[in-house]
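Going line by line, the protein sequences match chains A and B.
When we follow this note's numbering, the leftmost residue of the first sequence carries the number 1, and every step to the right adds one.
When we follow this note's numbering, the leftmost residue of the second sequence carries the number 1, and every step to the right adds one.
Note that these hints are calculated values from the structure, not bench results.
Owing to the predicted nature of the structure, the values given are computational and were not obtained by experimental measurement.
Virtual Cβ for every residue (Gly too), placed ideally from N, Cα, C.
Accuracy of the hints is not assured; some may be wrong.
Examples of chain A residues toward chain B, derived with CB under 8 Å [said to hold, decoys possible]:
#1 Gln41
#2 Ser205
#3 Gly209
#4 Leu240
What follows is a list of derived Cβ distance ranges for each label pair [as the list claims (entries may be wrong)]:
#5 A:Val36 <-> B:Glu57: 33 to 39 Å
#6 A:Lys174 <-> B:Gln19: 37 to 43 Å
#7 A:Leu28 <-> B:Gly60: 30 to 36 Å
#8 B:Glu57 <-> A:Lys546: 57 to 63 Å
#9 B:Lys11 <-> A:Asp22: 52 to 58 Å
#10 B:Gln18 <-> A:Glu63: 22 to 28 Å
#11 B:Glu57 <-> A:Glu52: 43 to 49 Å
#12 B:Glu57 <-> A:Thr146: 45 to 51 Å
#13 A:Glu521 <-> B:Glu117: 46 to 52 Å
#14 A:Glu414 <-> B:Asp8: 43 to 49 Å
#15 B:Met20 <-> A:Gly581: 50 to 56 Å
#16 B:Glu54 <-> A:Val36: 34 to 40 Å
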Amino acid sequence: MAYNQYILVCGGTACMSSKAEDIYCNLLDELDAAGVRQDVQVVKTGCFGFCEKGPIVKVLPDEAFYVEVKPEDAKELVAEHVVKGRAVDRLLYREADSKENAKIDDISFYQKQVRVVLRNCGFINPESIEEYIARDGYAALEQVLTEMSGDDVIAELEKSGLRGRGGAGFPTFKKWSFTKQVEGGQKYVVCNADEGDPGAYMDRSILEGDPHNVLEAMAIAGYTVGADSGYIYIRAEYPLAIRRLQKAIEDATEMGLLGDNILGTDFSFSVEIRLGAGAFVCGEETALLASIEGERGMPRPRPPFPAVKGLWDQPTVINNVETWANIPVIITKGGDWFAKIGNGASKGTKVFALTGKIRNSGLVEVPMGTPLRDIVYNVGGGIPDGKAFKAVQTGGPSGGVITADYIDVPIDFEHLQELGSIMGSGGMIVMDEDDCMLDVAKFYLEFTVEESCGKCAPCRVGGRKLHTILDKISKGQGKPEHLDQIAEIGLSMQRASLCGLGQTAPNPALSVIRYFRDEIEAHITEQQCPAGVCKDLVQYFILPDKCIGCTLCARRCPVNVISGERKQVHEIDQSGCIKCGECYEACKFGAVARR
Amino acid sequence: MAKMTLEDLRKLRESKRQQMDMRSPDNKTADIIVSMGTSGIAAGAKDTLKAFVEELESQGLTNVAVRQVGGMGLEHAEPTVEVRVPDMPRVIYGTVDADVARAIVRRHVMGKELVNEHIFDRPAADIVEDGKQGE
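Start from the sequences and build out the full structure, keeping to the hints where you can.
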């Protein structure tokens, strides 16, 4: 028996709590009543990530996407859509600014995501060069070698408006043209795959899911600027990505898509892998190049920029993995096509690694300029457990926070900078009411202090100073003048540090002082951590009038400092308490309090 | 394989594309496509893959291809699996452990019905295929 239609009812937590179960049952009843139960299967699904518009009902193969469906709508859905084959207009999803109803194949797609960089991830076998070729793989290289000059490629990149995805957002066509303009001599192409921001893993996913995409892009750059040799600098912690890259390089070389006389032309280009030991500073381009040369990974002053004087002092094009992954598609579909996606001076899409207090964590690729609200609520499915959204940290240890007040600001290079954050590599860590912003800033500073190479004093000394101050505040030893000191040290680091690591290291601290000054001041003046995270400022105790003596907290306590007989009021021995909060979470009667 | 010329590359692209296009009506095999990125493998995709292969074998199904791809970014629902069966919609399943894998073989591949509670939405439209429709 085969069904000819499928009705999918979203079974995510949010939809279920707004009566998706009733919708499911009503649909079954209505199908029975209409006598078509044997033709249509009703299925409960996992979360569709569109929780703000839930409950969601989707009909396949028609691809109709219904939102905010109520149990009583089941009758109409069956009578109209299933029996008469007419979509129920009033329930179909509409874009806020358009009157068009969204069907899956439309451009104004209900899902908000547009996958340019990740177009092949999850579609093709990354270890099969044939599958990549079948999805227009190496078509861009073919086009460049047969129809385009180096100047044509650069003109196309300029039209596309592509900017570096590694953090700073420098226009890619400019980088390439600086290298191209240098007359003659040995030149190099380098791929920066030294992904180090906590929580960001888009580069790893691209290399694991679509390695040929990056190789093809590097060959295009080689042809454009006149380089015959490329390096991929990747951290040794990414064994699967390394293995697949290695296989991709071997396959492409064997088929003549890399190596000497590519596709029978006189262009030759080879790629080698270099492994990094996982130092964060090696993501900085001059430190990365030093590391490839076999030197200690430390940055050097710029200028001269690598585009003119890079690897072994030769002109070098160096781009981040995600930037590379955009190149082949810009060639095959054209710079104009690419420039239609995005916002203002930020073109194309950006991949974000959505993590933290979010229902659907994962990789999200959205057009530049997509508001944070869409990313958090329509793609990420919102904050779990009914907690309140507090902030998002973008740009990892180099970035800052975006608060609930700015949730509708478009996310692109310019707007993030205005808010005192940066795009960075695209880590996006969502925080809810239980997160202490001081603790967040302290965490990132700990990271940058640890990862500072120590070459320049502002970063080496300034970072440690900042961390010491934040640590004092978190222990209740903060003084009001500390806030000014943070601003002063931060400014010196921004202005005087040698590389991006030190220049951006104070950003998380400066950002939380800008947006959460009250919360930081509470640590200093009232010796309190409003979120209850800073252990030295928190105390858990049991409210005698609410405790019924169920013993649950005592059983959950990992250090056994809660005492009390069954049905008697319990007590926490403060001297041994490690302030883990287990008892607070465990108590069903609100008898454990925190102050 | 010998080094390719431009002509070889175009021919290979065309033939492989037809082979991969599951919508062609004469293609009667089913595909089970397991996401095998680092996140998928960490969530147990290797066990999932093994369960699919063993279940297909024990059911004597020889017209089903099990393939691996990279991650599609649905980390919250790993391991993820795409199932393409002729005359049925292409579906992405999430949180597919060995038990769910066996259920997919029995109910989806053999029974031609979708498996409850595990379907997730494809994250975005395919720009490569879309481009073709426009040409």
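(request) List, from low to high, the hint numbers that the structure doesn't satisfy. (result) Every hint satisfied by this model.
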